[in-house]
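**Q** The primary structure of each chain is shown beneath.
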Amino acid sequence: MLGVRFIDRGGAREVVALGLTHADALYNLARWLVRDPQEAEDLVQETYARALGAAQQFEAGSNLKAWLLRILRNTYLDGRRRARPEAAEENVDELAPVGNPAADEAHSAQLRSLVADEVAQAVQALPEAWRTAILLDLEGLSEAEMADVLGCAEGTVKSRLGRARAALRERLEAHRP
Amino acid sequence: MMDCNKTRELTLDLLRGRLGPEVAAEVRAHLATCAACQAHVEAERALGEALEAKLPRHVAPPALRQRLAASWPGDETARRPPRVRARVRELALGAALSAALAVAVGATTATVVENRAATARLDTEAVNDHLRVLEGAPLAKVTGGLHEVKPWFGGKLDFAPAVAFAGNADFPLVGGAAEPFLDRRAAVFVYKRRLHTASLFVVMADGLAFPRDVRTQTIRGFNVILWRSGEQGYALASDLSLPELAALQKLIAIP
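Residue numbers (my numbering), protein chains in the order written: chain A, 28 to 204; chain B, 440 to 694.
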C-alpha cells in the first residue's frame, strides 16, 4: 500500500475513492505525450503514485480529473528534463502565429471527410503545449482548469488553444486540395 | 463595436455557449454581415466535430488497471469478497490469454481506442432520460423492494436487468420504469438520496459504446457514470456529487 495512512480530509478521501475512475483520461493524455504504450503506462503509474503522496493537498469538490492531469503533465515534463537537461524549453507562446486569414475561407467539407489517422497525425505534429491544450479541451476542462494544468495564465490558454486549432485546420484543410 | 478580430477571438466561446447573451448577440450580428467570419465559425465547428468524432481516445489497458488497483489504498466499503477476487483473477488470465492470441495472429496495431463520440452519446442520452424521469415519467411505485420491480419489468422488456441492489437507508429505491434509451428499451431504477434523485438505466449493451471499466463524466451539471457488466450496459445519472454517486455505483455494481 502506498503510504496514505491519515485520510482525514475530504480531499484525500475523494482522491482515494475516485482517483482510479480517471485512468482512461490519464492514459489517453499519456499516449499523446509519449506515444510508446509502455512508457505511457509507466507515466500513468508514476502519476497515481504522486497523486497518493499529495492526496492531502487536493481540495475536495474541485476538479479531480484536472488535478490528476496536472500531475501527469508535470511528471512528464520532469522526465523530459531529466532525459535531456540541455534541451531548451519549447517556447510555443513566441512561435509565429500560424495560418493566414485567407486560409479561413472554410473548407468545412474537407474537414468533415477526414479519417481518424489524418486527425491523429495532425494532433501529434503539434508542439506539446498546444497538443495538450487540444486534448484538455476535449476532456471538457474549462479554460481556468486548463491554465492550472498547464501552469500558465488563462489568456495564454486561450491563445494556445486558438493557435493550435488554427494549425490543425491549416494542416487538415490542406490534406485534400 | 464587434470587428473581425474580436469575433474570431470569441468564436470558440460562441460555439461552446460560453458568451453572455449580449455579447453573443453582437457576435451574431457581425456574422450576419461578414461572410469571411461566418466561414471561420463554420470551419471551427467542423474542426470541433472532426476532433470529437475522429480523434482516437486511448483506453487504459486492463493490465495497467489491475496494477493500479493493486497498489491503491483499499476502500473499506468496496472490499470485495474473496469469491469475486478469484473470478477477477480468472478474468485476468483470460485477458492475458486473448492478448497473447492477438499478438500471435499479428494484430500488433490493435490499439484499444474508444470512440469518444459514441460514448458521449450515451452520457447525453442518460442525462436526457434522467431529466424525463425528473419531469415525471410514469414510475412503478416500489415499497417492497426489487421483488416488486422485477416482475413488473417482465412484460415490458426482452431481457432481465441484472441489478441486485434493492436500495438501503442511504439510497432508497423509489421506483422502476421501462423507457426508451436510444434505439432500445432500458430498465430504469430510480434511487433517492435526501432530496436528490439518481436514475439507473440498464440496457443490452450490444452495439453501444459502454466502457468495460467505470467511467465518469459531467454534463450540464449532472454526473454520469457508465460501465458494462456481461452483456448489459449501465448508465447512472444524477445531480448528486460525484463521490456520493460513486458510492451508489459501487453498491449497484458490487453485489
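Since the hints were made in silico from the structure, they are not lab data.
Quantities reported herein were computed from a predicted structural model and do not represent experimental measurements.
Note that CB positions come from ideal geometry on N, CA and C, so glycine has one too.
Any given hint could be a false lead.
What the hints assert, rightly or not - A few chain A residues facing chain B, derived, Cβ under 10 Å:
1. 51
2. 56
3. 64
4. 98
5. 104
6. 105
7. 137
8. 161
9. 174
10. 177
As the list claims (entries may be wrong) - A few chain A residues facing chain B, derived, Cβ under 8 Å:
11. 38
12. 41
13. 43
14. 45
15. 48
16. 58
17. 61
18. 62
19. 72
20. 188
21. 192
22. 198
23. 201
**Q** All hints are to be evaluated individually against the structure, with a verdict given for each.
**A** Against the structure, the hints come out as follows:
1. 51: This hint holds: residue 51 of chain A lies near chain B, its Cβ roughly 5 Å from the closest one there, short of 10 Å.
2. 56: 9 Å, holds
3. 64: Status holds, d = 8 Å.
4. 98: 14 Å, violated
5. 104: The hint is violated - residue 104 of chain A has no Cβ within 10 Å of chain B, the shortest such distance being about 20 Å.
6. 105: 20 Å, violated
7. 137: 8 Å, holds
8. 161: Cβ of residue 161 of chain A sits 7 Å from chain B, so the hint holds.
9. 174: Status violated, d = 15 Å.
10. 177: 16 Å, violated
11. 38: Since chain B brings no Cβ nearer than about 11 Å to residue 38 of chain A, farther than 8 Å, the hint is violated.
12. 41: Interface hint status for residue 41 of chain A: holds (6 Å vs cutoff 8 Å).
13. 43: 5 Å, holds
14. 45: 6 Å, holds
15. 48: 5 Å, holds
16. 58: Cβ of residue 58 of chain A sits 4 Å from chain B, so the hint holds.
17. 61: 11 Å, violated
18. 62: 10 Å, violated
19. 72: Residue 72 of chain A check passes; min Cβ-Cβ to chain B is 7 Å, inside 8 Å.
20. 188: Status holds, d = 7 Å.
21. 192: 6 Å, holds
22. 198: Not OK, violated: residue 198 of chain A not within 8 Å of chain B, min 11 Å.
23. 201: 13 Å, violated
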